[in-house]
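Peer 1: Single-letter residue listing:
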Amino acid sequence: MSIAARSAPVLFSTRLQPWTGLKSSANNVSLRFKYQSTNPPPAKYGGRHTVTLIPGDGIGPELLNHVRELFRFCCVPVDFEVVRVDSSASSEDDINNAVTAIKRNGVALKGNIETNHNLPPSHNPGTICFDLYANVMHCQSLPGVPTRHKDIDVIIIRENTEGEYSSLEHENVPGVVESLKIITRVNSLRIAEYAFNLAREKGRRKVTAVHKANIMKLGDGLFLQCCKEVAAGYPDITFDKMIVDNTTMQLVSKPQQFDVMVMPNLYGNVVSNVCAGLVGGPGLVPGVNYGKDYAVFETATRNTGKNIANKNIANPTATLLASCLMLDHLKLRAYAKMIRKAVLKTLSETQLQTADLGGQGTTSEVAHSIMQEIQRGGPRTSEQI
Amino acid sequence: FGGKTWYIKVSFTCLKSKYLEELNIQTVTLIPGDGIGPEISTAVMKIFEAAKAPIQWEERNVTAIKGPGGRWMIPPEAKESMNKNKIGLKGPLKTPIAAGHPSMNLLLRKTFDLYANVRPCVSIEGFKTPYTDVDLVTIRENTEGEYSGIEHLIVDGVVQSIKLITEEASRRIAEYAFEYARNNQRTSVTAVHKANIMRMSDGLFLRKCREVAENYKDVKFTEMYLDTVCLNMVQDPSHFDVLVMPNLYGDILSDLCAGLIGGLGVTPSGNIGANGVAIFESVHGTAPDIAGKDLANPTALLLSAVMMLRHMGLHGHAKKIETACFDTIRDEKVLTKDLGGNAKCSEFTADICRRVQDMD
Chain A
1 MSIAARSAPV LFSTRLQPWT GLKSSANNVS LRFKYQSTNP PPAKYGGRHT
51 VTLIPGDGIG PELLNHVREL FRFCCVPVDF EVVRVDSSAS SEDDINNAVT
101 AIKRNGVALK GNIETNHNLP PSHNPGTICF DLYANVMHCQ SLPGVPTRHK
151 DIDVIIIREN TEGEYSSLEH ENVPGVVESL KIITRVNSLR IAEYAFNLAR
201 EKGRRKVTAV HKANIMKLGD GLFLQCCKEV AAGYPDITFD KMIVDNTTMQ
251 LVSKPQQFDV MVMPNLYGNV VSNVCAGLVG GPGLVPGVNY GKDYAVFETA
301 TRNTGKNIAN KNIANPTATL LASCLMLDHL KLRAYAKMIR KAVLKTLSET
351 QLQTADLGGQ GTTSEVAHSI MQEIQRGGPR TSEQI
Chain B
1 FGGKTWYIKV SFTCLKSKYL EELNIQTVTL IPGDGIGPEI STAVMKIFEA
51 AKAPIQWEER NVTAIKGPGG RWMIPPEAKE SMNKNKIGLK GPLKTPIAAG
101 HPSMNLLLRK TFDLYANVRP CVSIEGFKTP YTDVDLVTIR ENTEGEYSGI
151 EHLIVDGVVQ SIKLITEEAS RRIAEYAFEY ARNNQRTSVT AVHKANIMRM
201 SDGLFLRKCR EVAENYKDVK FTEMYLDTVC LNMVQDPSHF DVLVMPNLYG
251 DILSDLCAGL IGGLGVTPSG NIGANGVAIF ESVHGTAPDI AGKDLANPTA
301 LLLSAVMMLR HMGLHGHAKK IETACFDTIR DEKVLTKDLG GNAKCSEFTA
351 DICRRVQDMD
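Going down the list, the sequences are from chains A and B.
Its first residue numbered 1, the first sequence is counted upward by one per residue in full-length UniProt numbering.
Its first residue numbered 1, the second sequence is counted upward by one per residue in full-length UniProt numbering.
To be clear, the hints were calculated from the coordinates, so they are not data collected in a lab.
Just so we're clear, the structure is a prediction, and the values are computed from it rather than from any experiment.
A couple of the hints might just be wrong.
Derived BS3-like pairs (lysine-lysine); straight-line CA-CA distance at most 27 Å [said to hold, decoys possible]:
id : chain 1 : residue 1 : chain 2 : residue 2
1  : A       : K217      : B       : K94
2  : B       : K333      : A       : K254
3  : B       : K128      : A       : K150
4  : B       : K110      : A       : K217
Derived list of chain B stretches under chain A, where covered just means 3 residues or more per stretch with a C-beta under 8 Å from a C-beta of chain A [said to hold, decoys possible]:
id : segment
5  : 29-41
6  : 78-91
7  : 143-155
8  : 162-170
9  : 219-228
Don't be surprised by glycine CBs; every beta carbon is placed ideally from N, CA and C.
Using the sequences and the hints, build the whole thing.
Peer 2: Take a look at the structure:
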């Protein structure tokens, strides 16, 4: 609360000068010790946070520009440190710089990076370097969006580091390739613990583990056993399990039955894409990758959208909602609430919807409308924010 | 006098098979299965009789027996019958939990090398689902991939599961997919993969598909990532035509598509094996709670049987039976419980038989 007052978030006012923070350095120090490893690093200068921004490929750069403009407009006390990592000419040095920047800031907002098949396999080096073990996606039916299914509200938690994406492949005999899927007890327990914790925090009633243990008896069997063990410690939450093919069938016929779902890597990819499609498409759902000390915010489905890049037709909703989640994480909740409200209000106006929702609005029209919506909320004093 | 009777018996058998041959009646192995299996098989036989389809059924049981050497196998009469007739129709089989033998479906798959699982998914008018314009076919590689069953416990708490992709199997399934597309007037084949992550394994699968596509220039070939397919499938399934993919993705996607059209109770399925063997089956469970009560829905098995007729080249009869079935469902007067009505299985069957006979 004291941080918020110091950052003086009065709309339309000038930004605070960075040196203001020095006056209250004593307070900052005490807060720094309070926020140990579980909380984001405190704002260092004048109550402003620094966040690493990775524009990526395709529609990433243009949408993240809109985010930056919106933050400037709302005087959000966040500074972006831009790091270029994309499929064209990304050397080892660039990637190392990105990694260092994220380690320094602890939080990153990123666009999607297209996989360059000529580079050695380094799928998402981020998840491995920072141990971003949980990918969380909250799919809800948004008002004003035309979909076949209504009232969907599912949180999908996907194990992000192991499973089928271990990138361990070899060709022992020409023409025969083996790919290893690794499941470990430690990671399975960790993700299950995370899932149940989140369910409890958000007041959710049921956690469903998605698996294929009837076929992969040892691998998915271990995952399921770990989930069961963790579930025993949360008697207030119902634990359920479902085979992945049945899950997809149920998702397209009765998605309302699901609450929180936890699963290994590959099934998580499939289920999160199915759910994103059910609530209206890749342009609407934000996703977060959490580690113990770091958090990376992005769109839930990792498409680069290179066909629609720079044409001003991409849907900025997912990226903007991801930035709101980032603001929540940085404890700038009031800003998050304000921006989220404006984004959802604009989304419900059908004449402004972008092409992926069947409308004819452009990205800039949507961004402009969001800013107008925020302006309509009137000037806010520091007490309100 | 005894000799003469023997002579009459033998000549009668020869005459019968000659008669069948002349009428082009083909023999098909029928495996009724467990639970509701027998009643839906009877329903299908009745409908085929009403449609005067040139099919003769040979019923066989496939409960696993222990062969010489201690390995589980299917009974030799069943195996012989399948190898002779080449075409089979199978109802749901139950896998007893502690029987000691592997699942029956797995055993059949291994015995006849059923490498391709084909599931055409077409929206059924009269059975409302949120998706109305589905018309696609999923072709899944059924022998290797993630389901090889090769797993190891490396150290306590670390398990490794091996996904196997071979050149031979990938080429075989790709060829089948393109042949199927060509024979069924399909315009495009899409390979579903995750080669950006699993570069070598799915990369090999993709390479083989590309190579085979070169020989089938009349069919359009595209490739798509698994997650993109899932995303687009639930938003607009009309974009897809024939999908070919390895085992795990095929399992997930074929069930996803079954869900789009209304579930496993109305989805047909066929398994194609080496040496021309083909077994068509219904993929739902045995439903032991409604077994024997005349409440089952024979649609899945019936549509699989229709698929079988098409495979055998009997397109006329296939069309007749399929139209009758869809008409009955569209009319919504005589529907079984799972389709939303409260008619009995026999009433549903009788209605379809009546329609088939009226068509002649």
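Peer 1: For the segment 143-155 of chain B, count the residues whose Cβ lies under 8 Å from any Cβ of chain A; is that count three or more?
Peer 2: With 6 residues in contact (Cβ-Cβ under 8 Å with chain A), the coverage given for the segment 143-155 of chain B holds.
Peer 1: Holds or violated: are the alpha carbons of K110/B and K217/A at most 27 Å from each other?
Peer 2: holds, 19 Å
Peer 1: Could you grab the alpha-carbon distance between K217/A and K94/B and see if it respects the 27 Å cut-off?
Peer 2: holds, 19 Å
Peer 1: Test coverage of the segment 162-170 of chain B by chain A using CB-CB distances below 8 Å; three residues minimum.
Peer 2: Result for this restraint: holds, n = 7.
Peer 1: Taking 27 Å as the top limit, are the C-alpha atoms of K128/B and K150/A close enough?
Peer 2: holds, 16 Å
Peer 1: Confirm or reject the coverage of the segment 29-41 of chain B by chain A under the rule of 3 or more residues with a beta carbon closer than 8 Å to the chain's beta carbons.
Peer 2: violated (count 0)
Peer 1: Counting residues of the segment 78-91 of chain B with a beta carbon closer than 8 Å to any beta carbon of chain A, are there 3 or more?
Peer 2: violated (count 0)
Peer 1: What's the verdict on K333/B and K254/A, does the C-alpha distance respect the 27 Å limit or exceed it?
Peer 2: Satisfied, since the Cα-Cα distance of roughly 25 Å is no more than 27 Å.
Peer 1: Taking beta carbons only, do three or more residues of the segment 219-228 of chain B come closer than 8 Å to chain A?
Peer 2: holds (count 3)
Checked against the numbered hints above, the structure violates hints 5, 6; every other hint is satisfied.
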